[in-house]
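For the record, the sequence lines run as chains U and P.
Quick note on numbering that gives the first Met the number 0: the first sequence kicks off at 0 and runs consecutively.
Quick note on numbering that gives the first Met the number 0: the second sequence kicks off at 0 and runs consecutively.
In case anyone wonders, no lab produced these hints; they're calculated from the structure.
Beta carbons are placed, not taken as given, at the ideal position from N, Cα and C, and that holds for glycine.
You can trust all of the hints, since none of them are fake.
To give an idea of the chain U side of the interface with chain P (calculated C-beta under 10 Å), a few residues:
id, residue
1, N2
2, E73
3, L81
4, H88
Away from chain U, derived, C-beta distances all over 12 Å, residues of chain P:
id, residue
5, F25
6, D165
7, S178
8, V262
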Amino acid sequence: MRNIWTIASRELNAYFVSPVAYVVSAAFLLVTGLLFSLIITSTLDASLSPTFSNITFILVLLAPALTMRLLAEEQRMGTLELLLTSPIHDWQVVVGKFLGSLVLFIVMLLGPTLLYVALLLAFGKPDYGPIVASYLGVILMGGAFMAIGVFTSSLTQNQIIAYILGLVILLILWISGSMSQIVGGGAVGDAVSYLAITQHYNSFLTGVIDTPNVIYPLSVIVVALFLATQVLQTRRWR
Amino acid sequence: MTETMIDVQNLTKDYGAYVALRDVSFEVQKGEVLGFLGPNGAGKTTTMRILSGYMPPTGGSARIAGFDVFEDSMQVRKRIGYLPETVPLYTDMSVWDYLGFAARLRGVSDRDNAIERAMELTNLTDRADTLIGKLSKGYRQRVGLAQAIVHEPEVLILDEPTIGLDPKQIIEVRHLIKSLAGEHTVLLSTHILPEVSQVCTRVLIINQGKIVAEDTPEHLSARVRGAEHVYLQVAQPKPEIPTELEKVKGVLGVKAQDLTQGVYEIETNLGSDRRSDIATMAVQRGWGVLELRPVGISLEEVFLKLTTTEGEE
Numbered sequence: 000m001r002n003i004w005t006i007a008s009r010e011l012n013a014y015f016v017s018p019v020a021y022v023v024s025a026a027f028l029l030v031t032g033l034l035f036s037l038i039i040t041s042t043l044d045a046s047l048s049p050t051f052s053n054i055t056f057i058l059v060l061l062a063p064a065l066t067m068r069l070l071a072e073e074q075r076m077g078t079l080e081l082l083l084t085s086p087i088h089d090w091q092v093v094v095g096k097f098l099g100s101l102v103l104f105i106v107m108l109l110g111p112t113l114l115y116v117a118l119l120l121a122f123g124k125p126d127y128g129p130i131v132a133s134y135l136g137v138i139l140m141g142g143a144f145m146a147i148g149v150f151t152s153s154l155t156q157n158q159i160i161a162y163i164l165g166l167v168i169l170l171i172l173w174i175s176g177s178m179s180q181i182v183g184g185g186a187v188g189d190a191v192s193y194l195a196i197t198q199h200y201n202s203f204l205t206g207v208i209d210t211p212n213v214i215y216p217l218s219v220i221v222v223a224l225f226l227a228t229q230v231l232q233t234r235r236w237r
Numbered sequence: 000m001t002e003t004m005i006d007v008q009n010l011t012k013d014y015g016a017y018v019a020l021r022d023v024s025f026e027v028q029k030g031e032v033l034g035f036l037g038p039n040g041a042g043k044t045t046t047m048r049i050l051s052g053y054m055p056p057t058g059g060s061a062r063i064a065g066f067d068v069f070e071d072s073m074q075v076r077k078r079i080g081y082l083p084e085t086v087p088l089y090t091d092m093s094v095w096d097y098l099g100f101a102a103r104l105r106g107v108s109d110r111d112n113a114i115e116r117a118m119e120l121t122n123l124t125d126r127a128d129t130l131i132g133k134l135s136k137g138y139r140q141r142v143g144l145a146q147a148i149v150h151e152p153e154v155l156i157l158d159e160p161t162i163g164l165d166p167k168q169i170i171e172v173r174h175l176i177k178s179l180a181g182e183h184t185v186l187l188s189t190h191i192l193p194e195v196s197q198v199c200t201r202v203l204i205i206n207q208g209k210i211v212a213e214d215t216p217e218h219l220s221a222r223v224r225g226a227e228h229v230y231l232q233v234a235q236p237k238p239e240i241p242t243e244l245e246k247v248k249g250v251l252g253v254k255a256q257d258l259t260q261g262v263y264e265i266e267t268n269l270g271s272d273r274r275s276d277i278a279t280m281a282v283q284r285g286w287g288v289l290e291l292r293p294v295g296i297s298l299e300e301v302f303l304k305l306t307t308t309e310g311e312e
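Pulled out of the complex, with its shape left as it was, chain P reads as follows:
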C-alpha cells in the first residue's frame, strides 16, 4: 500500500516579474527518495522552501502528509526535517547544545536519546562538545543533517545535502540517506548526477521553473540513449577491424576512437547485448581483447540533453 506523503499540484511562485516556479506538479510516495535535479536557479530551493513552510507559494498547492503547507503550516512543520541550502548553524553553540535546541524547537520529549541517535547516524558522537564554529565544512554539513533528523520526521527535505563534503563523507551521507528511506520519505536536491542514480528511487529534472522529466534514473538514461554502446580495446589494432565488426548481427556502427591504443566504440541495437558475439569474433581473429564493456550513457548527458533542448525552445 502506498501513501502519498508529498503532493504538489500546479505550484507557482513568482518574485515580482521573475517567475521562479511555474505549474510544478509531482507526488512522492511514502518511503521514496526523490531526487530533485536541475541547474542552479532552476527552482529547486524555491520548491523546498515552499514545502518546508518558509515561504508561501503564489499559486497552486502543496500538501505534506495530507496537510497543506500554507493552511496547516504547524502540522507540516512538525512532520518535516529540513536542511536548507545555507546550513542554519549557531557557531557559538556546541554540537550537543545545538541539537538539543533543535529538538526542543520540535518538541522532542526524550531529548538526550534523540540527540545521541542523530549524532550516531551522522557520525558526530566524538564531536558532541565541540563548538560548531570550530568544525570543518564537512562536519557542519553533518550537524545540519543531524538537526534535520533529530525529531525523526516523516518527511525529510534536504537541499544539497552532500555539498562541501569530501568523497568519503559523501559516501557516508548517501548511505545514511538510503538507510533513512523506507521509514522516512526523502526529497533531496542536488546537481551532482551520480548521486541521484545511487541514492534516489526517482528523479525529477527541473529547469527554468518547470519539470522537464520525471522517471527512475535507469529509465531516464535509456530514454535519451537511443542505442546501446560497447567499448572495445584490443592489443593489435588493425585497419579492417571496424568493417569486420560491422558484420556482427545487431551492430549499427563502429567508430575507431584511438587507433594507436586500439579503442573502438561500437553502437548496437537498443535492448540487445552483442558483447559475446563481438568477443567471439575478436578472439577468433586474434586481435587480443584487452577490454570489453557496455557504455551506459551517463546521467550528465541526459541532464544536459534535457536542460539544453528546453533552453533552446
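So here's chain U without its partners, still in its complex pose:
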C-alpha cells in the first residue's frame, strides 16, 4: 500500500505542476457549469440529475486527457526503468498511477461541482438520495474511464496516441447504448447493452444503487488495470 501511495502521490504532484490538470478541470467545470445553469433556469427543478446525465460524454472526451501521460511519458523519458527496477511490483505502479488520476478527478473535477449542490440547497429542497447516488455513479464511471486511460497509456510512448486510443474505446462503450437498440434482442444485443456505460450510469442518477451497476465499472477497472500490468510485463521481454 505504501508503494502504491508513493506512486500515486508523485503523480498528483506532477498533475499540479503541469497545466493539463488545470486546463481539463477548467474545461470540465465550464461545460458542466453552463449545462447546470441552463438546465436549472429552464426546468426550475432542484435536481442535479439532468446535469450529471450529460457528464458522461464530457468525460469521454476529457478523461483520456488526464490519463494519457501516466505511463506513456514514463516510457518516453526512460523513467519507467527506474520504477521497474525499484523494489515495487508492476501492478503497484499501475494501481498507483490509476489512484493518482482518480484522486485528481475527484478533487479537481467533481470537488468544485459541490457548489451546484450548495446552490440547490440554498434555493430549493433537493432530494438527497439521487445526489449521493449520482456522485457515487460518476466516481465509479470516472474510475472506469481512468482505468481504460491507464491501459491505453501503457501501450505507447506517445501521449497523443494514448489519448486517441482511450477516446476510441470510450466512444465505443458510449455508443453501444444506441447500438444495442439496432442489434435488437438476443445474446448479442444483451452483451452490447451490458457494455453500454450510460445504461449503468443512468440508474444512479435516479437514486438507485444496485449491484450490477456497481459491478460493471468495478470490473472495467480491474480488467483495464490487469491488462496495463500485463503490457508493462511484456515490455520487459523486449
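For this one, chain U is given, so just place chain P on it according to the hints.
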C-alpha cells in the same frame, strides 16, 4: 574473506534472431570495482538491465548477494542502486523531491538524512530546490548517481556514469566511485578507457555479446604489449644514435620517430628497465637528453587489439 556479490553464470539473452549476450560468466567480489568495457552494442547495457531486474535473461543465471535476479527480483532490487544509460529523471520535480521519491520507492526510513548524504556525495547540495528540467547535463548525471546511492545499496550498477560530464566533473565522479568501493560493490560500464585504469580494480572486455578478456587493467596492458617501450628525445640528433643505442644490453630495436626533433622509440626486453643504461650512454656521448620515459601501451590499444581480432574471426 571475500564474498561474491555478483555471480553471473552462462548468461544468454537474445532478441528474436539477434543474440545480444552469449554465455557470459563472471563474478564480482564484495568491495570490487569491475569495469565493463566494450564497443557500443557489445551487450553492456543488456547485462546491466538483466542484473537490475529490468529484463529477464533468455538463459543462464545471475545472482546478486545470493539472490537470483529473476526468481528473487524484489530481494535483488532492494540491494542494488542502478543508474541506467538513459538517466531516469522527472524533469518536473526538484532535486530534493526526486531523491525523496527514489528513497521512498526503496523504502528508506530516515529520508531527509539519506537525501542530504546523497546530495553531499554528488555535490548537489546547492541545487536541492532546482527543477531537474533546468539542470545541465552534468548535474542531471549527478542526480542520477545520487538516486542510485540514496538508499546505500550493497551493489551499484552504473551504466556509463561519466557520460556527458566535463573533465572536472568526471574526476569528481571517479573519486566518488572510488570512495564508494569497499563498502559497496560496483559494476560500471564505460567506453572511456582511462576511466577503467583509474577507477576499476578489474576489467572485463566484452565484444559482440561475449567476454573476450578479464584481468586487472595493468595485466591487460602487459599481456598485449610483448615488449617494453622507451621514449627518448635528445637535443642533438645524430644519424648514428640508433645503431649506438642498439648496443645497449636488452635493447631490441630503435626507431627514429622524428629526426629533426631527435625523438626515438626504443624497444627493450619485456620486464626489463634499461632506462639508466640508455641515459648513461646518452650523457657520455653528449647527445643532450631532453626527455626519457617509459611508454605504457594504452588500454585503447589493448581494447582495439582484443575487439578487432575478435571481429576478424
